[in-house]
Amino acid sequence: MLDVPRVEIRFHGRGGQGAVTAAKVLASAAVDEGKYALAFPEYGAERRGAPVLAFTRIDEKPILEREPILEPDIVVVFDPSLEPEIYMKGLKPNGMLVINTKKTVDQIVKLLEEHGLQKPRCIARIDATDIALKHLRAPIVNTSMLAALVRAAKVVRLETLEENIRKVFAERPHIAEANIKAMEEAYNSTEVVCL
Amino acid sequence: MAVVEEKPREEQLPTRKKKIAATGSDAAAYAVRDADVDVVAVYPITPQAPIAENIAQMIADGELDAELIHVESEHSAMSAAVAAAATGARSFTATSSQGLELMHEILYIASSLRQPVVMALATRALSAPINIWNDYADAMGMRDTSWIMIFSENVQEVYDNLVQAFRIAEHPDVLLPVVVTLDGYILSHTTEALEPLDREEVLSFAPKRPRGYRPVLDPDHPVTIGVLGAPNWYQEVKVQQALAMRESRRVIEETGKEFGKRYGREYGFIEPYYMDDAEVAIVTLGATSSLVKAAVNRLREQGVKAGMVKIRVFRPFPAEELAKVLENVNALGVLDRAVSFGGALEGPLAMEVLSTLAVRGITKPFISFIHGLGGRDIFVKDVVEMYQKLLEAAKSGKSVTRTLFYGVKSRKGHII
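Protein sequence lines correspond, in order, to chains L and P. Each residue of the first sequence is one higher than the one before, starting from 1245 at the first, in our numbering. Each residue of the second sequence is one higher than the one before, starting from 23 at the first, in our numbering.
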C-alpha cells in the first residue's frame, strides 16, 4: 500500500460514530507528514444512526479530484450492521477491508460470499466497539478504527494520528488520553489477513 | 544596460510556514483573524455557519479583537457591515444562498455607497426545492451588484483571496466591496493543506489605513452618506461606479502580482491550464476548475490537446485576458453551475465568454454546458465527455445553439 502514489479511503459509519472526524483527522495527519490530502463527507440527512460516508484521499502531489471516491483502495467499516453491498461497492480487487466486527476473518469471508461479493485482497478485523466501550465508555469507534487502519496499511504513522487526536481534544486532555489508549489497544489487536 | 544580480526567488521569500490541515471555512476565519478585522456582522446559514462559528470562537478566545454583531437576519448583517465600513472600520460578513438573497437590496447599497465590505460566500443552490449543497446560483445572482467577485479553487485560495480582498476593497482607487467565494461543502467543509501567513505579514500586505483616508462617519468631520440622487446626478454616480469597477483592474492585478512576489503564489484574473497548444478548451469557475484540470490531465495522457481556463476574477470580467488565451483554440466550451432561466444561452458564464469573443470578432465552435446543480456530483469522466463533444464540434466547425445539461436523470439519457 505504501508504494501506491495515491491512496483513496472510504469510511462507512453511522451518525454519531465519528466517521467524518476520522476522515478529517487522517487527512490532518497526512498533511503533518508533508503529504497532500483531501477529506470530505457526503452530507445528507444528519441524524444519529443514519449511514454516513466520508472520504480521504492522500497523495504525494496536489489533488485535483474532488469527486466522491467510487473505487476506493481501502474501505473502513465502523458498523458491522451496515450492508456489505454498500461498503464493498467499487472496492478495488487488490483493495483492503478494515472492519469493526466480532466475527472472525473466516466468518467475514463467508458473509461476503453469501452476498455474492468479491473478496478483497486483505481483511483487517478489529472489535473496536469493545475497545471503545472499555476506554471511552461509549461506542465511538473512530479513533480505534483509525488505529486499525494504520496497522493494516501504513498510510500515516500512528504517532502522527495520536498527535492529531491531542489537537482535536486540546481542551479535554483526559478524553484525548482515553482515545489514545483505545488506539494503542486497537493497533495491537488488529488482525490482518491477506487472502 | 545595467545588470542587476538577482537572487534566486526562494531566498527572497520569508520563511515558509508549515502547512496545516484546514477546511475552507477555517481558512476564511484565519484570513479574517490575520487581517485584524474590526467588525463582523453575521447571521448563520448552512454551509457558511462554520465561518461564523470559527470567528466567534476566535473572538471569545481573544485571538481576534473585533466587534461581533449577532444580527437577526442577513438583511441586517449586510446593513451592519455597510454601516461599520462607513465609520472607517474593516468590515466583514459571510453568507450563503437564501442569506445572500435576503441581503440583495443592501448589496447594491454597499457598492453604490462605495463601502469596502469584504464578504465570504460559501456558494449554495437556491430554493425551491430547498437544497443546502453547492452550485453558483447565489453567486451569479450578484453579478450586476457592482461587487468585485473572486472565485476560489481550493482552501489555499480562499485564504489568499480574502487577504487580497481587504487590500483591493480598501484601496483609495477602488473603494468597492469584494466577495470571495468558496464552494459550499466542496471547499467550506473539505479538509486540505493550507499554508497561512503570519499575522504581521498580512497586516503589512493589506495594511489598515489611517481613519479618514476616505470619507467616513466622524462627528468631528461630518459628512453625509447616502443622499438622494435625482435625475440631474444619478446617472453620473452610476457612470463613476462603472468606471471604478473598470479601474479596479489595475489594483487587482498589482495586488495578485505583489502577493506572488512576497509569498510565491502569484494570482491573475484567469489561470490558463495547458492553453499554449490547446485545441479544445473549457472555461469554468471555482473548485469545479480542479475537476476540469483533472480531466485535462487524463486527456493529455491520451494525446488529446485539451486545455482549460479558470476565471478567478469574475467581476470585473477579464475580457482582454480571456480573448487572448482563447484566440487559437478550435472549439470552446463553458461549464456553468447555475442557470439563467430563459436566457439566450442558459449558462451565465457562457454568455459572458461569448460576448467577450463576439465583440472582438472571434468566433469559435461553442458549447454551453451546465452540470452540478444543487450538489449533483460532477465526475472527471463527465468532463472528459464534454471535451469529446468539443472535439466533435471542432471537427464539424459547428456550435451547439442551446445549452446542454449534463448528468441528468432522464429516459432520454444523461444529456438534455
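It cannot be assumed that every hint is accurate.
Just some of the chain P residues that point at chain L, by a computed CB distance under 7 angstroms [to be verified]:
hint, residue
1, Thr212
2, Thr213
3, Pro241
4, Arg271
5, Lys315
No lab work stands behind these hints, which were simulated from the structure alone. Note that beta-carbon positions come from the ideal geometry of N, C-alpha and C, so glycine has one too.
Hints versus structure:
1. Thr212: At 4 angstroms from the nearest chain L Cβ, Thr212/P passes the 7 angstroms test, so the hint holds.
2. Thr213: Nearest chain L Cβ about 4 angstroms off; hint holds.
3. Pro241: Pro241/P check fails; min Cβ-Cβ to chain L is 43 angstroms, beyond 7 angstroms.
4. Arg271: violated, 28 angstroms
5. Lys315: holds, 5 angstroms
In summary, the numbered hints that this structure violates are 3, 4.
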